[in-house]
Amino acid sequence: MSDTGEHDPDSSELSPAQRLDPPNTRLINAGITTINDMETLRACVAYENAHQQRVQILRRLDDRASELRSEDT
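Residues in the sequence shown are numbered from 1 upward in steps of one, following the UniProt record's numbering.
Among the hints, a few may not be true.
[As the list claims (entries may be wrong)] Pairwise CB distance ranges, derived in the manner of DEER restraints:
(1) N36 with L58: 15 to 23 Å
(2) Q18 with Q56: 17 to 25 Å
(3) D72 with P23: 28 to 36 Å
(4) T73 with D21: 14 to 22 Å
(5) T73 with P23: 34 to 42 Å
Hints are computed from structural coordinates only; laboratory data are not their basis.
Virtual Cβ for every residue (Gly too), placed ideally from N, Cα, C.
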C-alpha cells in the first residue's frame with residue numbers, strides 16, 4: 001500500500017454526530033481524542049448540549065479543550 005498523499009484523512013471531516021453517537025464508548029473516546037482544533041471541539045460541545053447532554057461526554061470534551069490549549073502554549 002503506497003501513501004501518495006492524495007487522501008490525507010482529516011479528523012475534522014467527521015461531524016459531531018459521527019464523533020459522539022457511535023455504537024460504543026471506545027469509538028466516542030476515539031472521536032474526541034482526534035479533535036485537533038477548537039472549532040471542531042465547540043461544534044461537538046454544541047451538538048452534545050443540543051441532543052443528549054451526557055455529563056461524562058461533556059467532561060471529556062472539556063478535558064480535550066484543556067489539552068488543546070496546553071498544546072498551543
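Checked hints:
{"no.": "1", "hint": "N36 with L58: 15 to 23 Å", "result": "19 Å, holds"}
{"no.": "2", "hint": "Q18 with Q56: 17 to 25 Å", "result": "18 Å, holds"}
{"no.": "3", "hint": "D72 with P23: 28 to 36 Å", "result": "33 Å, holds"}
{"no.": "4", "hint": "T73 with D21: 14 to 22 Å", "result": "32 Å, violated"}
{"no.": "5", "hint": "T73 with P23: 34 to 42 Å", "result": "36 Å, holds"}
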